[in-house]
Each structure stands twice: as structure tokens, then as C-alpha cells.
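S.K.: For reference, the chains in residue letters:
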Amino acid sequence: MRVINFAHGDMMVWGMYLAWLLATRLGIDPYLGFVGCAAALFVVGLVVQRGLVDRIVDAPHEMQILLMLGVALVLENGALLAFGPEPQRVRSALTLSTFWLGPLFVDVARLVTFAVAVALSLALYLFLFGTDLGRTIRAAADNAYGALVIGADVRRVYAVAFGIGAACVGAAGALVSPFLPFQPSAGLAASVTSFNIVIIGGMGSLLGAFVGGLLVSVAESLGAVFLAPSLKELVSFSLLILILLFRPAGLFGRRAG
Amino acid sequence: MRWAALAALGVLIALPAVVGSYTLTVLIFVFFYAYLGQAWNIVGGYAGQLSVGHAAFVGIGAYTAAMLSLGAGLTPWLGMFVGGALSAALGAVIGYLGFRFGLRGFYFVLLTVAFAEICRIVALNTEAIGGAQGLYITFTGNPRQFQFPDNRAYYYIALGLMLAATAVVWTIERKRFGIYLTAIREDEDACQALGVDTFKYKMLAMVVSSFLTGVGGTFYAFYLFSLQPNTVFGIPLSVEIVIRPIVGGAGTLGGPILGSFILSPLAELSRFYFARGGWSGAHLIVYGGLLILVVLFLPQGAYPYLRRLLARRA
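Protein chains in written order, with the working numbering: chain V, 879 to 1135; chain U, 609 to 922.
One or more hints might be untrue.
Stated by the list, open to error - Which residues of chain U face chain V? A partial, calculated answer using Cβ under 8 Å: (1) Leu658; (2) Leu682; (3) Tyr715; (4) Val717; (5) Glu725; (6) Ile726; (7) Leu732; (8) Ile854; (9) Leu892; (10) Gly896; (11) Ile900; (12) Val903; (13) Leu906; (14) Pro907.
Unchecked claim - Under 7 Å between C-beta atoms, here's a sample of chain U residues computed to sit facing chain V: (15) Ile729; (16) Asn733; (17) Ala736; (18) Ile843; (19) Ile893.
Hint data in this document are derived by calculation from the structure and do not stem from the laboratory. Cβ coordinates follow ideal geometry from the N, Cα and C atoms, glycine included.
Please build the complete structure, drawing on both the sequences and the hints.
M.R.: This is the structure we're talking about:
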């Protein structure tokens, strides 16, 4: 869709805080609460797309980047106002349970998060490639004018796509909240990481995002082991620059924008 | 317009005689950020190459001048040009990679962000320049070391910086160079088709812009007396630099100045208001809201709007 969502990471942080609210106020485990977080963020995404991004579709691309930067600042500092700067962590029943799988020490919470994330990615894939709405989204992303000509309500499709993106990231936030302490300022770093992943993997490619995610995490972990933990981001940024220069479409992307 | 500008300048020169030290401090930041915004304006506004990594140049300028002063005893009055030159070198590298490989729009944004982040991480991990603790400059009050016991000295230096950058931009605007830059922003392909060496002019814009920004780093270091990698190289500083010209009007001479006069006091006010509630840093919510409003309703920025308004009155 080529909407650069600078607020991506901040939406994730909101997903985390919503999970935290659900867990502390209503006692809902984040592994159930993530559905609610996804629904809430879906609405946020819908509103942002319909109310803001939609108004400037014809403006230069730079304006839209700046607009999302504004949304990111509002979301991040809204979280700061609402929840304060202290790092939080959500307690889940699964947080402390672990087991040994042969020689491997497995953390149940992480395993469940991994499984749900894979399931969600698969569901997204099936949605985009198997349903009419999914196909329309891909068509609109590929050629908005063409999609309009064949009768797709492109504005609605965009809004839904944006909402789905926000819902996914909201769910992701809720799912990692049991083992990843978070604070409002984490949003920006998360946005930058997700840009890294998407650019490296290839914009508009689900498989690319998946492989990019793996690649960035493995590269960062290797960097942490072989260089220094504080230098791990250096690896992913260097990787990003190389990809930008030599394969701007990303590993699995079809073309550069 | 010219008379109004001169009158405003006269007021600004006379102002330290009347206002208190708090207002003076606010104004110093207004000028300083207007200066940085003006420097950004050359490449980001006129040439339309959206850089969100200008903090890298501030940081390199600041660290260079501070290290030269602390380690080699070189006066920051010279160190600032060394810092500017190093920043310009980095600007040339980023520009070369970005423009030679044809990165536009969001791809160029990411490239600049990535370079600034790499600078930040390297600074965090280099113990020789203070690592994560940063650098602290001992206050001596020696003007030869760019240190002044009187706040008014900083006031006039910041004002001078802002005027100097504005003069540079004014000159560029008047030359063929400025026209080329605007043409590149409006339609790069057409500009190239007409035989303009767009690569050369974009590079030049980037180098001038990063040089000026690097010089500004010296002021930053010797006004605040402490440097932390996360603040001088961080994305939030880049946002501070970008947002003023955008709100004021990117690619206009008065934009960064007007933007700074709107945003810096506003940031100060909301910081004051939010700080009482214990929410430090939340002033950025005002930036975000303003940025959204400007993009939606005043995409050209406040300065062109104001000019049109004044022209209609007259």
C-alpha cells in the first residue's frame, strides 16, 4: 500500500499497554487478551487511515511520512501521559512455566507466542490470497487506479488494510508483553526495527517480512555474541544500508518504489 | 517585508537589555533551532530530500569540537570548523550513496536514519569519547574556549548563527543553484532531462547543509556542557530539526525561523505545564498534533500562508 507507518511501533506499544490494562484491571491473561488488543488497534488503524491519511492521498509522499511521524509522536507521548515512563511487564500464568525438551530449555510463554505469531501470519496469508477482500487489497496495493476502475471501493479497502495492519501489530504487542518489559519510548525503536525487517525482506511481501524478521533477529543475536550486546543494532543497520543500496526492492520484493 | 524584517532584527538585538534570563534562554533555543532548521532547509526544504538523520551532523560537530578542546586544547572557535568539515564529509558519504543509488522518498529517509543510528551506537560504544556516559565539559567561563559567564553572549552568538545560515540560504535562493534545487524538488526527472546535473547539486546541498549543522554542534556542546550519544545522535533531535522548517514552511527563507518562533516557546510552555504533572518529555505530543494539523491544512507551512495573508491586506 506504500503507506509508511511511522506509528507502527507505537501501535505495538499501545497493544502492550492494553494487554497490561486487561491483565491488571480485569485479570484477563494476555494470551486471551490479545484478541481484544487486536480489535482495539483495528479501530485505531481504521480511524487514522480514514481520518488522516485518506485526506492527503494525492499529496507528495513526503507529506504522508511526516503525517505518520506526527501520529507516532501523539501516540507515543499519549502513552507517556497515560501510563508514565516506568517500564511495565504483564504477568501471565505461562510466564514462569518452562520444560525441558531433550537438551533444550523451553519457555512456555515464548513458545505460545511463537505459535500464535506463526498462526496469525498464516491466517494473514490465507486472507490476502484466499478471500475476495484480500485479493482486492492486493489489487489496490498493486494499482490503485486499476482497482478503482474495476469497481473496488479503494478508500474502504485501504482503511481495512490499514486496520488489519494495526490489529496485527496490536496483537503482536500483547503477545510479547509477558516477557518483554515495555515503556512508551520503545515505540520508535520498534518502528525502526520493523522498517529494517520490511525493507530487508521486501516491501509488500509476506514471505519477505517473515524471512527479514528471522534474518534481522539472527543477525542481531550473532552480533550480540561476537561483537558486544550493545553493538547488535549496528549489524542490522549495516544490513539495512547494504540492502537499500544494492537491492532496494528487498530480498523478496518485486520492485523498488 | 524587508522593513518588517529589519525592525524585527532591531528588536531582537535590543531585547537582552530588557528581558529576564529565562526569556533569554528560551530565545537562545529559538535561534539555535532556527539555525539548525535553516541548515536542514537547504537539502530538506529546497532540494526536497527528506533527511531525518541530521542529528548525526550535530553530534559529530559537537563531539569533534569537544574532543579537540578537551584532548588537544584546540579552541572551539577553530574546532567548530573541523566539526563542520567532518560532518560535511559524512554528509557527502550519505549523499553519494543515497543519490548515486537513486534512493528517493522513504528510502532516503531510512538511509539517513540508519546512518544517524549507526553514529549513535558507535558513540555509545567508544570509551575514548565517553561511551554511554558521554562527555562533560568543565565550565571555565573563558571566551577563548567558547564559554561565557554571561547568557547574553550565547544569545548574540545564537542570533548570529541564525542570521548567518539565513544569509547563506538567501544567497543560494538567489543563485542558479537555488533554482536548480527547487526544480529538483518539483520534478527531478524533468530537471535532469533539461541537462541539469542533479546529482552534483544534490550533493552540494547535502554538503553545505551538513557543514552548517556540524558547526551548530559546537554551540550545542559549549552551551549545554554535556553530550550524551542518545541525545545528540538520537532520532528525537532529528525530529526537532525537521519539524520547525516543516511547520514554518519548508523551502522558504522565513520558514525555519517562523517555525522555530512558533514551536520552541510552545514546547517550552507545554514542557513547563506537563513537568508539573510529572510527565517529562510529553511536550512532544504538541509537536505531533501540530505536525498532523500542518500536513492536513497548511501543507506549504505557515510562512507562505502568512505572506499571502499580508499581501492581501496591503
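S.K.: Are any of the numbered hints broken by this structure? If so, which, sorted upward?
M.R.: Hints 2, 13 and 17 contradicted; others consistent.
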